[in-house]
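Q: Okay, here's what each chain looks like letter by letter:
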Amino acid sequence: MKLKVASKILDANERIARDNRKIFSDAGVYVINLMSSPGAGKTSLLETTITALKNSLKVGVIEGDVAGTDDAIRIDRLGVPVVQINTGGACHLDANMIYEVLGDLPLSGLDILFIENVGNLVCPAEFKVGEDIKVMILSIAEGHDKPLKYPLMFQESAALIINKMDLKPYLEVDVEKIKRDALSLNPSIRIFELSCKSGEGVEQWTAWLQTLTS
Amino acid sequence: MHEVSIADSLLKIAVDECKKNGCRIILNVKVCIGKASGVMPEALLFAFDALKAETIAEGATLTIEEVPVAGHCSACNADFTAPESYVLCCPQCGSSAYTLHEGRELDIKELEVE
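Going line by line, the protein sequences match chains A and B. If you're matching positions, the first sequence starts at 11 in this note's numbering and goes up one per residue. If you're matching positions, the second sequence starts at 15 in this note's numbering and goes up one per residue.
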C-alpha cells in the first residue's frame, strides 16, 4: 500500500526551533546563531564583542563544540553567563540541544544571546535553533573561493564577518571577490571586514548589533 | 555528515506514519531533495541504511528524487533551472532580480507499507 506523506523531513527540529523562538521573544532577548569553519574566529569575535559591549548590553553565550570546555572557559573569564554544549560527535547544534540548556541561562536578564555553533561550513546552515538571525564568519586565510564552494551558509546568513583582515598583507586573497560572490548569492547580506586581533572594523559590527537590539 | 540527523528524522516520520495507518512494515520511502539543500544523496542513502536496522523499516529502500534549482527572473520574465547547486544571476539575462522557488526541498513524499 502506498501512503502519501507531505512532510518536511526536518519538521520536528523546526517545531522545537519555533518553541525556542517564542521563549526567546517572551524573554526579550535577541538571538544570533554564529557559524563558521573551525578556527575562523568565532570565540575571538565573541570575546572582542563582549568586551566592546559590556557596558551597554547584557550578553549571554551558548557554546557548541564536539568536545571540550575551552571556549566556555574563555567566555566565563569575561564574566558573562555561558553554557557549554558538547554534541559528542554531531557536526551541528539542533533546536533540541538548545532547548535543553535554556533553563541554565538567565534569559530575561539578557539583551543578546550568541549561540556559537560547531565549527563547520556545511551542516549548521541547515538546522534552525530558534535564532533571530544567522551570522557567519569567514577568515581571509580560508581563501576567496569559499562562497561558491559553500553557498548555503552564505545564503542563510544575515551578515558575513570577514575576519583576520590584519593578515591581508601576507596572503594572496581577493577580499573583493569574497564580497562580490557573497552578495551575488545573497543580495541582502551585511558585510563587516574586521580583525579581532587589531580591533580594526570592530566598531561598525558592534554598532550594527546595537541597532538590532534597540 | 548532517545526513545522519536527516536520515534519523526521516525514519521517525516514516515509522510514525506507518504505525498511524495500522501497517507493520515499510518497504520504500520516497523523498525529494533539492540540489541546493546541502544534502548529499549518497551520504543520505548510507545513513538511512545504517539507521534502519532493527526498525520496521529494516527492509526498506530509499528513493531520492533530486530537485534542481529553479527560479524566475523579474527583469526578463524568464523561468529558469540551473545546472549548479546555486545561482549568482539570471542565466538568461544576467540580472540579479531573480527569486528561487525550488531547490531547497527536504521533503518526505510517499511511503510504501504493508
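Errors might be hidden in some of the hints.
Heads up, incomplete: computed chain B residues facing chain A, CB under 10 Å, no partners named [what the hints assert, rightly or not]: (1) Ser23; (2) Cys37; (3) Ala50; (4) Ser51; (5) Leu59; (6) Leu65; (7) Gln106; (8) Arg118; (9) Leu125.
FYI, nobody ran anything at the bench for these hints, they're computed from the structure. Since this is a predicted model, take the numbers as computed values, not measurements. Beta carbons are placed, not taken as given, at the ideal position from N, Cα and C, and that holds for glycine.
Q: Against this structure, judge whether each hint is valid.
A: How the hints compare with the structure:
no.: 1; hint: Ser23; verdict: holds, 5 Å
no.: 2; hint: Cys37; verdict: holds, 7 Å
no.: 3; hint: Ala50; verdict: holds, 7 Å
no.: 4; hint: Ser51; verdict: holds, 7 Å
no.: 5; hint: Leu59; verdict: violated, 14 Å
no.: 6; hint: Leu65; verdict: violated, 13 Å
no.: 7; hint: Gln106; verdict: violated, 16 Å
no.: 8; hint: Arg118; verdict: holds, 8 Å
no.: 9; hint: Leu125; verdict: holds, 4 Å
Consistency note: the structure conflicts with the earlier hints numbered 5, 6, 7.
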